[in-house]
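Participant: For reference, the chains in residue letters:
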Amino acid sequence: MGEKRPRSFYVLAAFFAAYVLFLYGPMIAIYILSFQGPDGGLTFPMNGVSLVWFSKLFAGTGIVDIGAAFKRSLKLGIVVMVLTVIISVSAGMAFRKSFRGASFLFYVAIASLIMPSIITSLGIALEFRLLDDFAIKRGVEGWTTAMGLFTSGLGAHLTWTLPFGLLIMFAIFNRFDGRLEEAARDLGATSWQTFRHVVLPIILPSVVGIGLFGFTLSWDELARSSQAIGSVNTLPLELQGLTTTVTKPDIYALGTLTSAVSFLVIFLALIVILVLQARQRRHGSDAGKGLV
Amino acid sequence: MLSRDLARSAQVPLQLKVPLRFDKSRFGLTEIGCSMVQDRKSFVAWLQSVPMMLVFALFFLLPMLLVTIVSAWDYNEYEMIPAFSLRGYSDTFEGCIADLPDLCTILKTYLNTLKLCFLTWSLTLLIGFTVAYFLAFHVRSKTWQIVLTLLCTIPFWTSNVIRMIAWIPLLGRNGLVNKGLLGAGLVQQPVEWLLYSEFSVVLALVHLFTFFMVVPIFNSLIRIDKRLIEAAYDAGASGWQTLVNVVIPLAKPGIVIGSIFVITIVMGDFVTIGVMGGGQIASAGKIIETRLNALQFPAAAANAVILLGVTIMIIAALTRVVDIRKEL
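Line by line, the protein sequences are chains A and B.
For the working numbering, count along the first sequence from 1 and bump the result up by 2.
For the working numbering, count along the second sequence from 1 and bump the result up by 973.
So that you can see chain B by itself, here it is in the shape it has in the complex (with noise of 0.2 angstroms):
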């Protein structure tokens, strides 16, 4: 419902009315007194969107095209220089080629955030689709659709940080789990992995993020035609070939939308890697964070070039799963 609309939005100005401007003058008076209104209302329109255009203007774009820019800038320990210098890459890189066949600092880092990245990708997208199944196919009335979807949605309008602080009590040392554990004989001493670990880290990813899988992926599931799932049950297919065959493939938009936004975060998260991880573990996002602290803004920039870059091309290489935009 939200995507068709996004397109109706997004292809608007494609329909711009510029034959009628151009027609003013071979037409009668009506045709001007039409084209004028016309202008005047979508002037109005480009007036109501220029608040936000500026908000993003000064907080989005300008700041891109600066850290672009200022990533080829020259540093010494205390200040940026303007002057063009590449030295924020070359030291992001440093050593990768000598310390061949080893791997270097920054491809070791991207590394792991891409294996915390597709631990937790899979993970969100199994449990966020099955849940979103269950939402759209088997709750069947619309109040209890809602009341449910609400109760997905809240711990969202909550706090990040205290939703990981929560697992403290929890996976600790003397957590419940491990208390658990040592009551029930299962071990010996306390497991120490559980907390500031990568285990921790992708548990709480898992437990900040489903959200954004479950939402897109309930919006493509409740605008299937059940006719086609019936029909695919009258033709003899058993209830894992339909999912497989009929409700995988038009559900493919939601998924993709969704591992979009899983994608996204995970790749520059440095909060919870840091909270849950105890510090210990390196990441893309981390990466930028320390260079800033140490107010090395040009390194810091290169930085969050390259991550944009790899970024871009896993969700490039998303959309050739499927053209989100004939989605949106």
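So here's chain A without its partners, still in its complex pose (with noise of 0.2 angstroms):
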């Protein structure tokens, strides 16, 4: 590293450093805010310092039922981080070999990704209401609607978080060695077993990635969520409502709160990952340390 930095690395380590700031400073701004004494109103300067807002958060008053978006949100985005992490590494595991539809399916799930999300959310509120449409005039006894969190929403959520999922599991097989599969399968494990104690334990570190793009994607999901949640709002929604009505800062205490999930959601998915990826290292290769 003794080679003298050019003038360039200066000007832009600025650049970067100002971008960063761009990124958090306003975050920042309302994590502050959001200890507000309870006079303080929507702006600097801070009027005392107070829990005053996280309070009323939790007692619900004011504000429409957080407590139930908020759990909402949470099982819906455990639910698609399940799913996420299945489907994905399912369908990757599959783009190792050949099958039939394999670039047809490639190719849909980067037109779902770069789909404008209202036309996504809009299509599938039309079919739910299509089928309802077919379920009453039908006559099905005491249906009303099949929209909701786990239908229509999920599959709302799944159809952006699952791209993000295949292209993670590109990256990782790209790097991946197919010898330590044939060894495994030369020494006589069958295919589960090849998956399982070889593939897997490889890759684990990765798929944590895959989970920490599922859940943080559902968790913040807006765009997709507006048209085909059904008649309950998740989180995102509720917060949107909010910017029109609010001139608390009860906004800032919720945005905080709604951070804090997703920092500690990222948090534990990096420790994780750090954790699995020493233990790769310790365990990893015994080359060279002669007959064990």
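No lab work stands behind these hints: they were computed from the structure.
Keep in mind that this is a model prediction, so the values were computed, not measured.
Just so you know, even glycine gets a beta-carbon here, dropped at the ideal spot from N, CA and C.
Worth double-checking, as some hints may not be accurate.
Non-contacting residues of chain B with respect to chain A, defined by C-beta distances greater than 10 angstroms in every case (computed) [what the hints assert, rightly or not]:
| id | residue |
| --- | --- |
| 1 | D1047 |
| 2 | I1070 |
| 3 | G1158 |
Stretch-level coverage of chain B by chain A, calculated; a stretch enters the list once three of its residues show a Cβ under 8 angstroms from a Cβ in chain A [what the hints assert, rightly or not]:
| id | stretch |
| --- | --- |
| 4 | 1038-1046 |
| 5 | 1136-1144 |
Cross-link-like lysine to aspartate or glutamate pairs, in silico, DMTMM-like; alpha carbons within 25 angstroms at most [stated by the list, open to error]:
| id | chain 1 | residue 1 | chain 2 | residue 2 |
| --- | --- | --- | --- | --- |
| 6 | A | K6 | B | D1207 |
| 7 | B | K1014 | A | D179 |
| 8 | B | K1081 | B | E1165 |
| 9 | A | K250 | B | E1165 |
| 10 | B | K1152 | A | D41 |
| 11 | A | K99 | B | D1012 |
| 12 | A | K6 | B | E1203 |
| 13 | A | K139 | B | E1052 |
Need the complex rebuilt from these two chains, each delivered in its own frame; the hints are there to steer you.
Facilitator: Structure follows, in structure tokens:
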């Protein structure tokens, strides 16, 4: 590293620092403002420091039932995370071999990723509405609507998280040494044993990454849920609704709380990834260590 | 790295073992056995891909098909009527001919959306390229590269709405920026156009989506053979010349992929424009939302088809610049 840095390095480093400030500055501002005193407003300066706005949030006064939306989003996020991991890993394994419709599936995933969210959301809403109309016309007893958090809402979230999951799987297997699997098979392992004891432990840190994407993208999803979630709202939808009506810092408190969940999940995922990687390094290779 | 592998996976079906199957009868048992193993393997692979196919079929392909079909249905105040009608389209373009030479609402809205899109695109490209360039060429240690990339990624994992609200204490009438300007005596009255304006919409869009430029461009830059750059220097090129004639052409795939992301997001956006525009700014995505709120599904679907058409045209124009299929 003894080499002297060119002048452009310092210019670009300053630019990068400014970009990071631009990214985090505003967010940090609302985290600070959520601890505003009881008489404080939506802007600086701070009018004392308190937890008033958080306690208001938990008491459920003033704002719509945030607790319920919080739980709904959490449940949906966890389900989306689990499904994204399972479906993406499974499809990722499939793409290593050839199968009918592989390139079709790939292009569909990319299309789903870049499709403007409002169109996807509209399509899913239409689909369920037509289904409802059909069922009611046919006189299915007690039918009100099939639309809901874990039907249309779940589907809408998966169209957003699965393409990310699949792309991460491609990145994983790009660096994967296929000879390890061959070795396992030569030693008599079944396909499942090969996957369970050889492939999975190696790709596990990245699979945790897929889970991280699955949860956080669902936790914060707004545009695709907007039309397709049914009668109840997720937390981001409630937040969006509040932006037009709320004039007190409770909205910042809610923002801080929501971000805290995101940061907690990110932090946990990164810790798990680091631990797994460290373990891999320890157990990884015994090459050159002589016979065990 | 990533994209090269995508190509491999995308091309796989092109090299199917069709000949093997045809040759079954002509060859011995082993060949048949081999072909059966191959068939079984590809059947297992197909099974593994079924869950993902099902999700996309149910929640993406079928909905898209329905959008197209319903866009040509009739409707009244409260329900859609399954009969062929182009009312959804004609209502959308209402007054476009009668109002000439003035522009009708829909054209004005699209022009405005395109303007926002262009502004956001150029800013995200400029910032995204610079950040990616710094990360790829100036950060030398692998660990630092990961840490700094992570630093750029973390906001992507947090809520967009919160990142929009976050501008209020800064840009509002009593926000930090106005206080600063007033305090410095640069303005006599608070600047009003900082929040709930096109300025704040573009600012928020850049804030939210530059990430989508950074990642693919970084991915392209990191794959550039460093010797090419040394060769350019050795041949007497200045830093600027190397950038323009060597680095940027090689980064084109990343630039195009990032551009597609940003453009499709901004073209269909209604949340950022709604929140940061204070409900005052029209956009292509917002028309669909408004129609939906009025339960005019066929009209909403017709607008979705139009939006999709415009978006696809922009993407097609971009992919002419560079054949991304080669790069994917």
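Participant: In ascending order, which of the hints set out earlier in this document are inconsistent with the structure?
Facilitator: none
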